[in-house]
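Read top to bottom, the protein sequences are chains A and B. Residue numbers for the first sequence follow numbering that gives the first Met the number 0, so the first one is 0 and each next one is one higher. Residue numbers for the second sequence follow numbering that gives the first Met the number 0, so the first one is 0 and each next one is one higher.
These aren't lab readings, by the way, just hints derived from the structure by calculation. Treat each hint with caution, since some may be false.
What the hints assert, rightly or not - Taking lysine to any residue pairs in the SDA-like style, the calculated list, with each CA pair at most 25 Å apart, reads:
#, chain 1, residue 1, chain 2, residue 2
1, A, Lys69, B, Lys222
2, B, Lys56, A, Lys578
3, A, Lys282, B, Glu503
4, A, Lys193, B, Val66
5, B, Lys180, A, Glu117
6, A, Lys56, B, Gly39
7, A, Lys253, B, His567
8, B, Lys11, B, Val60
9, A, Lys66, B, Gly267
10, A, Lys578, B, Lys219
11, A, Lys537, B, His567
12, B, Lys222, A, Thr442
13, B, Lys219, A, Gly301
14, B, Lys222, A, Lys578
15, A, Lys56, B, His131
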Amino acid sequence: MARNKFDQDESLEVKFDLNQVKRLLKYVRPYRQKMILTIALMLLSSALGMLIPLFLKQVMDVYIPEKNMKAIIGMAVLTFLVILAVSIILRIKITLTSRIGQGVIHSLRRELFDHLQELPFSYYDSRPHGKIQVRLVNYVNNLSDLLSNGIVNTITDLCSLVFILFFMLALNVQLTLLCMCGIPILAVLIAFVKKHQRRGWQISSNKQSNLNAYIAESINGIRVTQAFVREERNTEIFNRLSGEYRKAWMSVIKYNFMLSPVVDIISVITMALIYYIGVEWLKVGNDVVTVGTLVAFSSYIGRFWQPINTLASFYNSLLTAISYLERIFETIDEPISVKDLPGATEMPPIKGDVEFKDVDFSYDDGVKILNHVNFKAKAGDTYAIVGPTGAGKSTIVNLISRFYNIDSGQLLIDGIDINSVTIKSLRKQMGVMMQDSFIFSGTIMDNIRYGNMEATDEEVIRAAKTVCAHDFIMEMDHGYQTEVNERGSRLSAGQRQLISFARALLADPKILILDEATSSIDTETEILLQEGLARLLKGRTSFIIAHRLSTIKNADCILYIDRGNIVEKGNHDELMAKKGEYYKLYMSQYSFLEKTPEMVGQN
Amino acid sequence: MTPIRWFMSYLKKYRWYMISGLCLVVVTTMLALINPYISGQIVDDVIQGGAFDLLPKLILVLIGVTVLRSALRFTFLMFFETSSQGVLYSLREAVYKKFMKEDFDFYNHHRTGDLMSRQTGDMDAVRHFVSHVIYFSFENVLLFLFALVMIFTVNMKLAICMLVVLPFTAFITYRQSKEIKPAFGRIRQCFSSLNAFAQENISGNRVVKAFAKEDFETEKFNKENDAYRDAQISSSNIWRRYIPIFEIFSNLLTVVLMVVGGYMVIQGEMTIGQFVTVNGYLWMLNNPVRQFGWIINDIQNFVTSIEKIYSTYKIEPDIKELEVPLHSERVSGKIKFENVDYYSYDDVILRDINFEVEPGQTVGIIGATGSGKSTLMNLLCRFYDVTDGRITIGRVNVKNFDLHSLRGSIGIAMQDVFLFSDTIEGNIAYGNPECSFEEVEKAAKIANADDFIRKMPEGYDTIVGERGVGLSGGQRQRISLARALVKNPSILILDDTTSAIDMETEFQIQNELKTVGKDRTVFIIAHRISSIMDADQILVLDNGRIVERGTHESLLEQKGYYYTVFNHQYGEFDEFRAHRMEERGDQNGTK
Chain A
0 MARNKFDQDE SLEVKFDLNQ VKRLLKYVRP YRQKMILTIA LMLLSSALGM
50 LIPLFLKQVM DVYIPEKNMK AIIGMAVLTF LVILAVSIIL RIKITLTSRI
100 GQGVIHSLRR ELFDHLQELP FSYYDSRPHG KIQVRLVNYV NNLSDLLSNG
150 IVNTITDLCS LVFILFFMLA LNVQLTLLCM CGIPILAVLI AFVKKHQRRG
200 WQISSNKQSN LNAYIAESIN GIRVTQAFVR EERNTEIFNR LSGEYRKAWM
250 SVIKYNFMLS PVVDIISVIT MALIYYIGVE WLKVGNDVVT VGTLVAFSSY
300 IGRFWQPINT LASFYNSLLT AISYLERIFE TIDEPISVKD LPGATEMPPI
350 KGDVEFKDVD FSYDDGVKIL NHVNFKAKAG DTYAIVGPTG AGKSTIVNLI
400 SRFYNIDSGQ LLIDGIDINS VTIKSLRKQM GVMMQDSFIF SGTIMDNIRY
450 GNMEATDEEV IRAAKTVCAH DFIMEMDHGY QTEVNERGSR LSAGQRQLIS
500 FARALLADPK ILILDEATSS IDTETEILLQ EGLARLLKGR TSFIIAHRLS
550 TIKNADCILY IDRGNIVEKG NHDELMAKKG EYYKLYMSQY SFLEKTPEMV
600 GQN
Chain B
0 MTPIRWFMSY LKKYRWYMIS GLCLVVVTTM LALINPYISG QIVDDVIQGG
50 AFDLLPKLIL VLIGVTVLRS ALRFTFLMFF ETSSQGVLYS LREAVYKKFM
100 KEDFDFYNHH RTGDLMSRQT GDMDAVRHFV SHVIYFSFEN VLLFLFALVM
150 IFTVNMKLAI CMLVVLPFTA FITYRQSKEI KPAFGRIRQC FSSLNAFAQE
200 NISGNRVVKA FAKEDFETEK FNKENDAYRD AQISSSNIWR RYIPIFEIFS
250 NLLTVVLMVV GGYMVIQGEM TIGQFVTVNG YLWMLNNPVR QFGWIINDIQ
300 NFVTSIEKIY STYKIEPDIK ELEVPLHSER VSGKIKFENV DYYSYDDVIL
350 RDINFEVEPG QTVGIIGATG SGKSTLMNLL CRFYDVTDGR ITIGRVNVKN
400 FDLHSLRGSI GIAMQDVFLF SDTIEGNIAY GNPECSFEEV EKAAKIANAD
450 DFIRKMPEGY DTIVGERGVG LSGGQRQRIS LARALVKNPS ILILDDTTSA
500 IDMETEFQIQ NELKTVGKDR TVFIIAHRIS SIMDADQILV LDNGRIVERG
550 THESLLEQKG YYYTVFNHQY GEFDEFRAHR MEERGDQNGT K
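So that you can see chain B by itself, here it is in the shape it has in the complex (with noise of 0.2 Å):
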């Protein structure tokens, strides 16, 4: 499908509005040229001829014709213009549907402000062009066809050397076109340049304050600021060469009248009544011609525009669901990895993963920075697809489900904790926004967040920044994990979502956790050893691979990866035992 046809499907949509309004466009044409002629009787019959008589009929007629064409211009602009917003509606709505479905690839490839230029800059030349250039260039196209008509039943030879003008135009036309486009294309790439670098400036602000880092941004803001004001110029030095061009056209007429007309006239092949008449014409043909130039303007950067749009709307994402998924209310909790690759272009990530998970269990995962971890989730949840290998959830592989029974079964706290601005009801209430306020206080209390939530000056309602700004990060992860146990999962996922927690208050939420949902699989990613050592079993990740697995008893007598880290932990532990003996040793001594 071509950018323009796609285009069409929506507008399609509006075709009544649009045909009625281009209706509108020709009667008003029609009544626009009634008023010179009404107001030319006056001057000739009225006040020069006396018919004094004729004048009350006359001038009602002129106002009547005003306010018909008044009206008329009016309804038929309201009618463009509710097409323009339909059509923009719905672009937006595809646009943003499908960004909804692009995949986490999708994503790593595309800076925000580019993506949101998209839905804005892009959005607004299609806007510009349906309420405005459709109905503008109908009407100059329709008054020089008129006037051509005309001229043509006063003096066909006149007419063809009028018309000697057009291949001109259309030569100067697409020549315009064609240099004009990339220069369009430029000025869009720099206002999408200039919204991702205005985004990430206003995202990371207190990253540029922390480092003092002003002068650099500013800096480097006003190479993308000069950047789109030269783009803008030079395409002005581009149409700058060819609308003057039009302009010499469109008097050219005037000219061609002259000297053909005025030949003929002195020839005897035309009155002077005649030249007169065509020369009244004149305008009709003029004009057009001089407006010719900006209408290209105007029809290159929405070419350009929808272009962009469609570039980006056309990409399909890899995640897809099969022509008939499988759909279920929610998923069972038995998970099974078999034979797991997992390569991101030519990096391999994962490297043969082998496990399998009973409902209920709670499986540990820990390994270096960088192991895979989270990718093992992120396969789990769909959100990239495995190279090899496959995934199954109660032997169904996961890519045979919709995504919405997957994931909606799955909760995951995810380790950047993001978080909307919103209220913080309405952050943990994010995956079940029907529930209610019991539910979403319950999840907070198993999170262990009511009770600093309660504190806060607007407790539930407090409105929390963009990314969580004014919390802590603990705090973060809290929220995060009421809002992954609102939505119930029959899978739960805590993507070191406990890092930034102190130990004892990660114990508590452990327990709690295994108050509810007895038959919830449980996936823990983290590096303390206290967080996983109750799982059913223990991943040890390594460069991709599972290089040691067992309950934290047999890891520790195979004293690999996890024995060391567990030393290195247990260190610590030593200390506080010491302590501990220390007290009771002092408790007997005061007994």
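In isolation and in its complexed conformation, chain A is listed as follows (with noise of 0.2 Å):
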């Protein structure tokens, strides 16, 4: 059971911490020749960038007073070479940057999207399919410019850092340290300010999610909405939602916005008290400064703060990536509860035996739905499973599948344990049609050959008659090339299960379970279907949940199950004649219509 809605913030299990950025560096680490290529350039880039000014200043203080205009000329020719050297740079570090950014979140996202293909189930159900979404989309984006640009630019400042430090030193130590004291100061502030960003961040990419879950939802379920008149009020919902993200995103970028003006202040502040202790030094006389080291001094000033200008805005953009990182780094240590052992085997061909030894099963909850179920099936019959809503019958079908993992006991197929065997191999040998019968956006085609990717054409047709789903197909305006998208809007509730009984069965599945698979389709289609399905399910074993009787009544046995356990088993006479609960729910179904028996008796 699902344990998030659409305007319930999601709770954060593990807390980030700076570990987790050397994870994220493992995504960047096959990049590492083009980072390392990317910031030589730059450094090189920036290093050419400085001679221009020099150049001008030859040209100012030499070949101007000399009036030499063939050197200026040559000068101009030399700084047109640089120019187009830095721009060459320029050009390959986008090339490389854009390269780099987008092939780790092309990673990432792919690492995510194969976890997310492992998970059960159940990770699915407990939450709304809009917030998975968001991440493994959304999310993911947001990172590439950090991933790329970001790193770049902040390894290539703090080199630049590093290099105008060294420079600041070898003027002058005293009034370095000077410098440097505005540092402490703005880590003080920065981690002040941190918890509220952090925070103020998380809040805000959870109150996107949220969003997204509810724009996921509103579009999925605007038919019902429509009926229902209630676009005001989801109107007013997502205005509610919209709202929030926009008050969280307010009340946390203001933090980030702060954050350059701290620098710039702390750095006009130190450059106060150099230019005041400097002049004071100057005033005393003594040896510490010269007017010449303080006016050179003065001029490192500025470029010593620009770059920590600039890290404190990766800074900034790390902490807004840290909130969706989480969240991602989450959804890929989320355990896949159901997946191969090890050392687990193919599954050989089945012939179609199954025995349930002992199950137990409960799902996360703790509430025990199977206790001690234990039954075979003989390969190539038919089992139909009845008994009361909640009693668990679409549980033991799905057990088979192995879509949840049974707590104690023995699943056994051709008396091979089900857990022994790659779960994959598996199920591909099943065939399994579901009470809702999901239409991918895609041709009528595309939607049946899911089951068999191999399928031809004729094939595809073939399985489409033997559900009586070819004619009505046919009657559509481009036959099995009609377009249908995910709502599956086109089509009535009963064609689409005809499609994906079609789909199932060009699976050629040994084992074949239908889960109130035939419920929506009329009473003509199904005997029809019938006809066909008698020859298809030989050598098949099947399971079928339904309630019509007439398609329980042929079933080679049918399993009553009540609170989790099978309480009759038996075929239709048998348990007829045994007059149990079987024979109660039959004769129930029908007693009502006792009233107009005369007018049946008429014909």
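Two chains, two separate frames, one set of hints: put the complex together.
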């Protein structure tokens, strides 16, 4: 059962710490060489950039007074060459960083997607799908710039900071120390704000996630919304969520905006301090500073604080990114509860014997659903599963495909424990048709072929014919090439069931599971279907959950489930003769019809 | 209306924020020019000139200006951010409202993930534009113009020489804008497509797992993921050609100064001091030119996004209310279909439908899969408009009602049940959020859902997953029925709502339904004869036409489709009777 709805913030189990920044670097590692190259080029570029003022100075100080026009032009050509080099480097930088950034998020997204494919039903069932989607698409996208330009610029800035620091120290140690005393103050302020910023971005990303979830649901549920004229109310809810996002954003963005002014003010204060103390020292006339050093030093102060300012903005984006990153890592770290055991082997071709041995099962909440279930299904037979709502019928069939792990006991297919084989090799040999028939957007042909990608068009059509879907498909404007979409909105519920039925058949499964799969199909079609089906079910073990007694009656064996256990087992006649639960169920289905027996008699 | 004009209409509300923000940008840009000047004075006059007395004053100005500038900068940043968030909020609302209004046909042709991108990724480009690009471009243009004016005052000839760069810049700007736009279009397209794929994969996760198609999905995903990356990279392949050109132009100004300025000084048309002054302003000219390429990128990205948003926004639904629609608190249950035809594009879905229902009557509808049963009801709710003929409720054409009156009076339980990720109570109260818990409970009881809901760990407060994951088909159908009942509608439509419910429960539900709402018109679409046999009239649909009609008895006499279906299902009843006879025999025997 779900734990989270659209307007609830998700809690975060694992706190992010800087160790996880290391983890992030793992994704950058494949691009290490490109990264180093980019940084080297950037350093070269800034070194070249420093030449231009020098050239200009040379022109001003030497060539102009000499009225040496030739030398000036020579200098101009040289300058132009430098400019050209800088531009070429810029071009290479753009090329490299965009490849790094896009490459990193590409592989991060891929890893996230791969992991999502492995996560069991329970993960998807417990939260709105829009919240999973926002992580996979939007959150990941937000990281690209940080992981390319961010890192490159940071390292470049750090280098130039070290460089300048070196020059400053060479020039004057005392003044340098003075200049650096602004740093601890900055650090303290940053540490103070960090708490608010971290929290703020977490809230903001949560609100974004909520909004996304609500948009997704609003679109998917639009038919209900319009039928229930809830448009205005939904707009109110949407505005509330959108407003919460805005509020969260506004209250955290101000901290980001504060950082740069704070750096500016601290830098100007240290600058003032240097001037003041420097001048005091000059006045005293000690040897600590000379007029020349103080003048030279003043030009360095700006260059010292400028990289710090860009580092601060990197820090800002890092904090923002972390709030996305921790969500992404949280998903990647989500344990895969249903997975191949070490040493799992391929499931050999299934014959179709299924055995439940003392199977216990409960969902995450610990409420026991199945209690010591024991039964054997013979290959090729049809089993109908009946029983009251909530008895555990769907659960039993879901366990055969290992959609969930059993708590204890054993589940054997052809005598092989399904836990000892790979999940894929197991599920590939089963055909499952579920309660709600999901239609992917694409053509009808593609949707049926989903059951078996290798199937030819002819095979697809044959499957469609078997389930009596061919006729209505041919009546559509483009036949099998008709485009349908995920809400399957151009198809009726019965048509969708037929399509997913064809899909399940195309998989040519040895074990076929039909979970309330034909409820929306009309009687005529169902009768036709059953004729085709009778042939099809031959040689396959099938489990059918249905309410139509006609479907149930023909089964080789009927399992009556109540409160997580099989209470009766046998074919229709045996169970009717037994006059137990099944008999009661069967009789109750028709008892109310008795009021019109005379009319029935007439026919 | 153009997309930009449409966008401007939302920005208008924040024009005072924007204007004051831009004024502050002017002030801070000016202030930014003071500090280098003061620093210069400190170096020249104080340190080198020895005018030590000036220092405290200059330092105070230095600090004061910086503090003021920082404060103003913070203020204008907040102004732009406020405007941006405000515009975004209204845009999101406008688009959302439009989404709410779009008709079924629109949703048949748009993927969920695509539509979501309009509200997420595309909106983000708009946010960035209002909060950053506007002031940033303005700041740069301002600096550029300011520097230009200064250089003009120093030496007009030199300034004109520097302006020579401008036409080239303009040309490159034009080229880049033109070339980059389709690239951003592709990025938005790929983003949208990636989003749509992710959305479907997540929604369809059960099917993916059941068919063990993870590898196939991963392969498809990789294609989308690659396409997005490649679109990004190919756009960078475009702007990497232009941005370095702006870099060259920007630095070329230095070369111009070097050569032309140098020549003029040598010729005595300019002093060396003026040369130095111009050099001092050069960065204000350089930097904006350098930023040009990036600004163009941002602007084009914004334009592409707003165009995409607007192109979705401007689609008008076909289902529209009249200028002055008829309002009615509760439409009656008297319904008439007159010669109704409905075509979906070229497909004939319904043909020549005629029938009439009195308030309080029950109509049963039966027919093959895809015969048009649901469409019939969709026309009544006006989810689609009839192609020909008319549908009236209480002698009023359904097109004349406002949608709220019409749909508000109809309770529909649809064949594929969509539940929201909300509590069960919230789901049942969906059509009437203000209703009391007692009403929810009452509806649940009628729908025979109260029992199983109470058995759940958190009862009515249990959160059900999207689409009702975690509930069985029958449970979902009963919740959907309860949801329709809470509205207390004058017309109730049960569109195959009991298919996953066993017959006994269904029988109980139908009996309960009879006890409430005597004048309520009920439509029941079903495949089981037992669901509809009590109806006042039964319509049999085949291929979009009513092929048989009448009561249960009269239809049996017609010996048509209905009779055949009945016989198939009656076969089972026959067996039941045999058992029943036997049971009675036993009882008689023991007596």
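Here is what the structure says about each hint:
1. Lys69/A <-> Lys222/B: Measuring from Cα to Cα gives roughly 59 Å; hence the hint is violated.
2. Lys56/B <-> Lys578/A: violated, 106 Å
3. Lys282/A <-> Glu503/B: violated, 105 Å
4. Lys193/A <-> Val66/B: Within the cut-off at roughly 22 Å; holds.
5. Lys180/B <-> Glu117/A: violated, 38 Å
6. Lys56/A <-> Gly39/B: Holds - the C-alpha atoms of Gly39/B and Lys56/A are around 17 Å apart, at most 25 Å.
7. Lys253/A <-> His567/B: violated, 72 Å
8. Lys11/B <-> Val60/B: violated, 38 Å
9. Lys66/A <-> Gly267/B: Holds - the C-alpha atoms of Gly267/B and Lys66/A are around 10 Å apart, at most 25 Å.
10. Lys578/A <-> Lys219/B: Given pair Lys578/A, Lys219/B is violated - Cα atoms ~54 Å apart, limit 25 Å.
11. Lys537/A <-> His567/B: Measuring from Cα to Cα gives roughly 23 Å; hence the hint holds.
12. Lys222/B <-> Thr442/A: Since the Cα atoms of Lys222/B and Thr442/A sit roughly 18 Å apart, the hinted pair holds (cutoff 25 Å).
13. Lys219/B <-> Gly301/A: violated, 52 Å
14. Lys222/B <-> Lys578/A: violated, 59 Å
15. Lys56/A <-> His131/B: violated, 36 Å
In this structure, the earlier hints numbered 1, 2, 3, 5, 7, 8, 10, 13, 14, 15 are contradicted, and the remaining ones agree with it.
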